[in-house]
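Dock chain Z against the given chain B, drawing on the hints supplied.
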Amino acid sequence: MVKTMKKVFNYTWINIGLLALAFSSCKPEIDSFEARPGEADFSKYIAIGNSLTAGFADGGLYLEGQQVAFPNLIAEQMRQAGGGQFRSPFFSEEQRNGSGYLQLTALVNGQPQTANVTSSLGYRAPGRLTKFTDEVENLGVPGMRLDLAFIPEFGSLNMYYERLLPDADVNTKAYFDFVSNRNHTFFSFWLGNNDVLGYASNGGYTDPQNPTTALTSVATFSALYNRFINTLTEGDKKGVVATIPTVTSVPFFTTVTTARLEAGVSASTNGQFTRIFISTAAGPRAATSEDLFTLTFPTDTLGKTRNGIPGYGLSPLNPLEDKLALDRDEIVEITERVNAFNEIIKTTAANKNLAVADAQAFLNNVKNPGIIYNGVGINASFITGNAFSLDGVHLTPMGNALIANLFIDAINNKYGSRLPKVDATKYRGVKFP
Amino acid sequence: MKRLLLGLMLASPALLWAQGSQVNTQSQKAVGMSGAGSALFIDEASIFYSPGALSKMDHNAISVGASGVMYRSAFRELNSNDVHNTKFKITPPFSAFAAFGPKNSWWKAGIGVYTPFGGSVNWGTEWPGRYELNHLELRAIFIQPTLSFKITENFGIGGGFVYNIGQVDLSRSLPLTGADGQMAQAQLTGTGTGMGFNVGVHYHLENEFAVSLSYRSKVVTKLRDGDAEFTVPPALASSFPNTTFDSELPLPASFNVGLAFPVGEKVDIAADATIIGYDIYKELVFDYRDNTPVLEDTRQVKKYENAFSGKVGVNYKTTDHLTLRAGAGYVYSPVRGPYVSPETPDNNRVMGSVGFTYDINDRWDLTGAYVFQHLLERTVTSAGTGLSGTYKTNIHAPGIMLTYKW
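Protein chains in written order, with UniProt numbering: chain B, 1 to 433; chain Z, 1 to 406.
What the hints contain is simulated information worked out from the structure, not anything from laboratory work.
Quick reminder that beta carbons are idealized off the backbone N, C-alpha and C, glycines included.
Among the hints, erroneous ones may be present.
Below, computed lysine-lysine pairings styled on BS3-like, alpha-carbon distance capped at 30 Å [unchecked claim]: (1) K222/Z - K426/B; (2) K89/Z - K222/Z; (3) K426/B - K89/Z.
Output of the computed footprint for chain Z on chain B, the stretches with three or more beta carbons under 8 Å from beta carbons of chain Z [unchecked claim]: (4) 30–42; (5) 353–359; (6) 367–374; (7) 417–424.
For each label pair, taking beta carbons as the anchor points, the in silico distance ranges come out as [said to hold, decoys possible]: (8) D134/B - S388/Z: 48 to 58 Å; (9) P211/B - T292/Z: 44 to 54 Å; (10) E265/Z - E29/B: 37 to 47 Å; (11) P433/B - S388/Z: 30 to 40 Å; (12) K89/Z - L157/B: 57 to 67 Å; (13) P241/Z - T299/B: 39 to 49 Å; (14) R227/B - E296/Z: 36 to 46 Å; (15) E283/Z - E135/B: 51 to 61 Å; (16) V301/Z - R306/B: 34 to 44 Å.
For reference, chain B alone in the conformation it holds in the complex:
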């Protein structure tokens, strides 16, 4: 028996030898993706833009949002293709909540309740954020507009810009000059959104006291856009620019609808009032489904006494003031302006051999019909659509990852680069309580 067992052992040993051979291929190997820069040079990438570039989300600029800003995600992928360091004006861990932001506190009958985060903020004085004047590559400034990028005084009006400026430069250095001369080898440029959004979110009403509510003219946009791009591409520098999304593709304008307001009014007045009246250039009229209201619409003012007249917004005699509604004529005006801007962006990019990330086409597709990304439904619905954060305009981390992939696609297609895609499933949508 001992002898036979020994024999068994010997043959078992042979089998183990065979096993070991086969185990060398135990773990299946898939050829790796070879990242490469192509014609581009990613060694010093700078990102120029507004809140989207800065990583603004949930109505505020805070560390978690900054860390997943789409340029930061792109820079991480560039690192595999010769990319260098990419620094951002991160809030410190102690001041991680930065400007403060909205968070979802409850869903009451499916209706979201939000509150401002007020701890660990990053203010040095009221309305003044803790300075960050070290060298950075993410140059995104929330609220930055193309027209105001050339106005030195904007440094004292915009706390996010003021934060990045040494004291001597506040009021004296325009954003254009701030971002120029940084010895970049590659850039992303996404400005122009606020040149329409400021006007649109103010209900298509320009407040003469507030330059951020103006609608930039096509001529101004064309001149400034070309000037900016000419400077950035000096020496045949390469880069990527993005188009401006259609205003009506974001939940900020599509969540509070005429029908919802009417239903609310009917219910609370037992059917006595059923329509909403708005002010337009052609005088007051009843709102239709073609008119839009913002997510921040002050629902509690409806039907109240205003200027001594009761029933605010419920009769043609007491219509909502102009800035509370984006009426259909204003939407046409804004849409045409966005399209005109995008024509300029695409033409300029073509002339300068730049990649174009067509954010307008992408977000239109997100709105209708929506996309399915690796099993996740992405659409423009507020909160549940996964792409937009609680302010209804800015992106969630997942939205940032998808936009990063849009830019990466554009760069790869234009310059023959192979930047790997971002795994957007790693990044969250809205946080639920």
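Then chain Z, alone, in the frame of chain B:
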């Protein structure tokens, strides 16, 4: 503002009830020949492979065996540099067969307990397909009492009734994040039962050519009141109530033809061809007892096609005590590209095997085998989730079986 409905997409979870999960490790003798040998081996495992052959056994026997199946898949998302591997895990399909009856009689009875379908795949919670699958464990245990009769000395028929107990345990991430950054997860566990049969005939010429035909029916396994548990942020708990689900899993029928013939004094060659009726697997439905606007019943399209496998093996009796085996096979996948899923990232596969039986004495046999299967690399885009990338899979299955004869 009207109530906001949480229109979250809950893509239907799916199961490994696929060809990829069909592990034919019932007898280590057959494993050593890559699954060939239904006509060659006349023993207690014929209960599974060829019920008609069982009556030709000249003795009674009990055998117990198990394999250590290592299913290793890798995935790389299209245009990404990150390769994700399934976690290393050994699943132990087992089998036990007993054949008994009067010696040299015209009949033989037997019972088999075996696991023809099963598997374990764990991609974890950190991979691009996390919203389709985190992990899946699956096992179908077949219990098959069998009777076999000799019509003539050379011709046997047999048949058995199959009772199946199926167990499933799967989880997937949900695209919902809590305040702590924790991602939500759904977990489904359940047990189901089904019934079927296994019939076959076996014919042989004295010491020469042998042929086996067998048909294993489909076994539709009905899962009732499985547990569906959702780990979601508290504010969404009412939208994702812990509930139960019903589902139905059709295990396919297969028709097998086996041939065996000697090529020398000590050497036999066996070949088997199997058609597997996977076209019954058209869709997978999960019917939740409690539905909410976001938790609806799910229906996942599968559209499998019939599959085919061919196996050939050689059996070499080196001495009275030791038999060595080797085999190779090829399997055509029933899964079409758009329906490939991470539960079983299937593709056509090649396999090779080695094995041995050592006759310790008149009573005891020890059989060992090792089969390696390689699923060809496959780049697919899922019709259901849009996940696009390349899968590659290797399966290693060493196994051992002990037989007692009397």
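Right, here's what the structure says about each hint:
1. K222/Z - K426/B: violated (35 Å)
2. K89/Z - K222/Z: holds (27 Å)
3. K426/B - K89/Z: Distance ~24 Å between K426/B and K89/Z Cα, so the pair holds.
4. 30–42: holds (count 4)
5. 353–359: violated (count 0)
6. 367–374: Holds: 4 residues of the segment 367–374 of chain B have a Cβ under 8 Å from chain Z.
7. 417–424: holds (count 4)
8. D134/B - S388/Z: 48 to 58 Å: violated (40 Å)
9. P211/B - T292/Z: 44 to 54 Å: Given range 44 to 54 Å: holds, Cβ gap about 48 Å.
10. E265/Z - E29/B: 37 to 47 Å: Holds: the Cβ-Cβ distance is about 43 Å, inside 37 to 47 Å.
11. P433/B - S388/Z: 30 to 40 Å: holds (34 Å)
12. K89/Z - L157/B: 57 to 67 Å: With a Cβ separation near 60 Å, K89/Z and L157/B satisfy 57 to 67 Å, so the hint holds.
13. P241/Z - T299/B: 39 to 49 Å: violated (31 Å)
14. R227/B - E296/Z: 36 to 46 Å: Taking Cβ atoms as reference, R227/B and E296/Z lie about 54 Å apart, which means the hint is violated.
15. E283/Z - E135/B: 51 to 61 Å: holds (58 Å)
16. V301/Z - R306/B: 34 to 44 Å: Hint violated: Cβ distance 56 Å, outside 34 to 44 Å.
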